[in-house]
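Protein chains: 6
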Amino acid sequence: MDPSKRGVYPGRFQPIHWGHVKVIEWALQRLSELVIVVGSAQESHTLSNPFTAGERIEMIAAALEDAGIDKSRVWIVPLSDIYMNAVWVRYLAMNVPRFRYAIARNPLVVRLFREAGYEILMPPPFERERFSSTNIRKLMLMGSSEWRNMVPPSVARIIDDIKGVERLREIAGRD
Amino acid sequence: MDPSKRGVYPGRFQPIHWGHVKVIEWALQRLSELVIVVGSAQESHTLSNPFTAGERIEMIAAALEDAGIDKSRVWIVPLSDIYMNAVWVRYLAMNVPRFRYAIARNPLVVRLFREAGYEILMPPPFERERFSSTNIRKLMLMGSSEWRNMVPPSVARIIDDIKGVERLREIAGRD
Amino acid sequence: MDPSKRGVYPGRFQPIHWGHVKVIEWALQRLSELVIVVGSAQESHTLSNPFTAGERIEMIAAALEDAGIDKSRVWIVPLSDIYMNAVWVRYLAMNVPRFRYAIARNPLVVRLFREAGYEILMPPPFERERFSSTNIRKLMLMGSSEWRNMVPPSVARIIDDIKGVERLREIAGRD
Amino acid sequence: MDPSKRGVYPGRFQPIHWGHVKVIEWALQRLSELVIVVGSAQESHTLSNPFTAGERIEMIAAALEDAGIDKSRVWIVPLSDIYMNAVWVRYLAMNVPRFRYAIARNPLVVRLFREAGYEILMPPPFERERFSSTNIRKLMLMGSSEWRNMVPPSVARIIDDIKGVERLREIAGRD
Amino acid sequence: MDPSKRGVYPGRFQPIHWGHVKVIEWALQRLSELVIVVGSAQESHTLSNPFTAGERIEMIAAALEDAGIDKSRVWIVPLSDIYMNAVWVRYLAMNVPRFRYAIARNPLVVRLFREAGYEILMPPPFERERFSSTNIRKLMLMGSSEWRNMVPPSVARIIDDIKGVERLREIAGRD
Amino acid sequence: MDPSKRGVYPGRFQPIHWGHVKVIEWALQRLSELVIVVGSAQESHTLSNPFTAGERIEMIAAALEDAGIDKSRVWIVPLSDIYMNAVWVRYLAMNVPRFRYAIARNPLVVRLFREAGYEILMPPPFERERFSSTNIRKLMLMGSSEWRNMVPPSVARIIDDIKGVERLREIAGRD
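Taken in sequence, the protein lines are chains A, B, C, D, E and F.
Okay, so the first sequence: first residue is 1 according to my numbering, each after it adds one.
Okay, so the second sequence: first residue is 176 according to my numbering, each after it adds one.
Okay, so the third sequence: first residue is 351 according to my numbering, each after it adds one.
Okay, so the fourth sequence: first residue is 526 according to my numbering, each after it adds one.
Okay, so the fifth sequence: first residue is 701 according to my numbering, each after it adds one.
Okay, so the sixth sequence: first residue is 876 according to my numbering, each after it adds one.
Everything labelled a hint here was simulated from the structure, so no lab data went into it.
Treat the hints with care, as some may be off.
What the hints assert, rightly or not - Derived BS3-like pairs: lysine-lysine, alpha-carbon spacing no greater than 27 angstroms straight-line:
(1) B:197 - A:71
(2) A:71 - B:246
(3) B:338 - A:5
(4) F:946 - E:771
(5) C:421 - D:547
(6) D:530 - C:355
(7) E:705 - F:946
(8) B:180 - A:71
(9) A:71 - A:5
(10) B:246 - A:22
(11) C:513 - D:663
(12) A:163 - B:180
(13) F:1038 - E:705
(14) F:880 - F:946
(15) E:722 - F:1013
(16) D:596 - C:421
(17) E:771 - F:880
(18) C:421 - D:530
(19) E:771 - F:897
(20) D:530 - C:372
Claimed, not checked - Stretch by stretch, here's where chain A covers chain E in the computed footprint (C-beta under 8 angstroms, at least three residues):
(21) 790-798
(22) 835-842
No experiment lies behind these values; they were computed from the predicted model shown.
Glycine is no exception: its CB is placed at the ideal position from the N, C-alpha and C atoms.
Turn these sequences into a full structure, and let the hints steer you where they fit.
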């Protein structure tokens, strides 16, 4: 409950994978609490953003559960885009519990948080070539079940439950 | 994790008080999980909406803690206004985990969820004349500390911490 | 099909009544075609704007039918608010067939069309104290069936069909 | 006037061509009424969206006339983009008369209507390689008059009247 | 050109009057440069916001001229509303030259700039009961020419030139 | 102060360079006043739009100073995008002093002003292959200091002051 030991971790999580989970664990070793910010919340049903913010929130909670992460130390908050970079961090801050750190590797995101006076915690790249949402969506489109190894089992279960692969393939025009 | 036993509870929570907490407890006796939706998330620093969505989220979590409510059964999600009633429930649904029930007493809210095919759980009025956010803000403005009895102690602590009463009185033009 | 003999008639039509119908007939005596613009299209489910744009469009078409108005000379177009008066006429023009005249009595609307270079046709007030959407909604709320005399029969039928009175009373918190 | 026999047909109609007209005829053989939804209504004056919503509405009406289609069975409604796929169908429904069917071939559109509980009527592809708005705009840009064979004569007349080809070529930076 | 001696002065300036001019002079005695921010830029043609942002900018420049204020030390910038108080100062800062001070008396504005880390310069009330835009608009509506004494002569000239009083009275429904 | 001799000059000015300055001088030889409109004001911190509107305004004023241009004849106004081409000119006009001419070479911009009834002044291309904001940003990214010859010295000074090159390179992910 001490804002000075709280960090935010923004991403799109389309969908959350083991790489994300590693980052969350890494962050929770350094911070008392973490706010996972589900960005581009307004997007869904596209090739790069197949899942709704609500579905992504469900998946993130399930992933935390699978990984045995203490959920009482984590917040999950959806955030729609505002399309004004110079204002984005302040807009994010308005929508989440107070925090001091930002977990980020993306250069733009790092820059924006720094300009706004936050401290950056840059996680190491956890097998980024292997664990990547882009890859997962590509495998889903190709009809490979390889993506199942890249996400916690409960995430795969939710994706099955909402017929996520079918949705992605339909949108792409592949039956 | 079963959407058919999940409900949403929308409100503005400016701030959360014991009446809200009673509703949450009442709902959790009937449902396995509850999504607390912090509405008008874009509003803050006004007489009727003094607190930011982030501050309200913090207060709600603190209130759950004080009341000994199992936080693993509760989600807290901020939601900005969309200003299109006919679309609002669908917009809310996009931003939260899947659900079946809506906890509501406000006639418009009840109506909108019903039209969208959700089931309504209408909680009894828990001392509404006593516990009311409007009253709390009025007492804060008047300089009375009476409001402290209407909110869980950790909520009062956060309001003190962010100098919430001072903010409200400043906005009203009272020093 | 000649834009120079076409006019627009903006209103909210919550709901359309015999007064509106008279204006439409009056306008069609002077023009070859009329574009009925259903304003504040984004609004619904409130005390002053109970009906969606789609419902209002249906009612207007039904009213034209009842009144024996030649529908091939009429266009019905919904228009959401833009909240910039100085731009509103241009925004409206972008969304409707080309036109030369505006049918209006409201001083602001008259002014905006004039500044934008359109000609105004100001209809006489057709029993405005009797035929008024505000009155109709008031009567609906009071539980009087008096409103049925103020609208074409097919409009009343659609309102019954969508349970419009029930909706209005529910929103107002009256069962 | 029976919503259960009404369908919607969304498109951008930049501009309407004989292929669209065939779809409309095909739909009206199966339905009593059709709502043509002119999507991306806010767009105009670009290479892929040269015409305003109002101009497109005019062209559609003219095309129906040319094709001898009974206009009393057709509605034409402009719709601006909302940039939230998960909400789009509900937003469309708010702006048009009640309906049960959606006429669509685009995989995303089909998917969105299905998720929202509507039935899909998928028209056959009417010489899609020949009749295509993209082709028409390409021919206009190239200075070929070939596009005139792809649209009903009155549509060509309106495009001439508003100097549509000139506009497209100017925007592209060709004399 | 030194941001640390620059201040912003936000207002609606509907229209600018001698009281505003006094504030500008007062501020320029303390700062090297002043940015006049014309707020609610999207508003016009209403009883409280009759003039467009562009018209207000013209009037402000004319007022500076009349008052013999060195225009090379003043910037005039229109700013549309963003409807998120917690983000407003950052949004303003994005649109104006860098600054350190805010000239403000309005409690909300003072509060927002303070929370964002800016220093406040609070000007004395220069005959506020006499010089007030609200009064000026009221006098215009009443048909009194008394308002001419409250604004610099060039401002009155511009208002005459754009037929501002006529506009206000028309909007109010008074001929 | 005579609107009939005033022109607008819209651009993004990311950043302003000697080519822009030549256009401004060229325009001021033909007009009594010029309104420089800083478009896409909401954009910043991207590869094509690195600078905020406020920073661009500062740079433009500094460039005018360096070039010895009479600033009392120039207005600088930021303008956010509206994403509706058919309305854009009217939206621009609402935010700037009245004007008669538009300075433009871009075919879309020329077209939009012409359709809205303004006169176009098309400046000659002042060494466009040499002076170009795109080139400047490319040189900055490559680490070359060549860009300094393309902008007035005070502009380079501001870019140094706000660490603009560092920002651009960071966003691009280069050291």
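### Query
Given the hint that residue 338 (chain B) pairs with residue 5 (chain A), does the C-alpha gap stay at or below 27 angstroms?
holds, 20 angstroms
### Task
Quickly compare the C-alpha distance for residue 71 (chain A) and residue 246 (chain B) to 27 angstroms and report which way the hint goes.
holds, 9 angstroms
### Query
Is residue 530 (chain D) close enough to residue 372 (chain C), meaning Cα to Cα at most 27 angstroms?
Violated - the C-alpha atoms of residue 372 (chain C) and residue 530 (chain D) are around 31 angstroms apart, more than 27 angstroms.
### Task
Between the segment 835-842 of chain E and chain A, see if three or more residues pass the 8 angstroms beta-carbon test, and mark the coverage as holds or violated.
violated (count 0)
### Message
Tell me if the straight-line CA distance from residue 530 (chain D) to residue 355 (chain C) falls inside 27 angstroms.
### Response
violated, 34 angstroms
### Message
Cut-off 8 angstroms, C-beta pairs, minimum 3 residues; does the coverage of the segment 790-798 of chain E by chain A stand?
### Response
holds (count 4)
### Query
Hey, residue 513 (chain C) versus residue 663 (chain D), does the alpha-carbon distance stay inside 27 angstroms?
Cα-Cα ~49 angstroms, so violated.
### Query
Has the given pair, residue 722 (chain E) with residue 1013 (chain F), been kept, meaning a C-alpha gap of at most 27 angstroms?
Roughly 47 angstroms between the alpha carbons, so the hint for residue 722 (chain E) and residue 1013 (chain F) is violated.
### Query
Hey, residue 163 (chain A) versus residue 180 (chain B), does the alpha-carbon distance stay inside 27 angstroms?
With Cα atoms ~20 angstroms apart, residue 163 (chain A) and residue 180 (chain B) stay inside 27 angstroms; holds.
### Task
Below or equal to 27 angstroms on CA atoms is what counts here, so check residue 421 (chain C) against residue 547 (chain D).
Within the cut-off at roughly 23 angstroms; holds.
### Message
Need the status of pair residue 596 (chain D), residue 421 (chain C): alpha-carbon distance at most 27 angstroms?
### Response
Roughly 9 angstroms between the alpha carbons, so the hint for residue 596 (chain D) and residue 421 (chain C) holds.
### Straight-line alpha-carbon gap residue 705 (chain E) to residue 946 (chain F), limit 27 angstroms
Satisfied, since the Cα-Cα distance of roughly 20 angstroms is no more than 27 angstroms.
Hint violations for this structure: numbers 6, 11, 15, 20, 22, all remaining hints satisfied.
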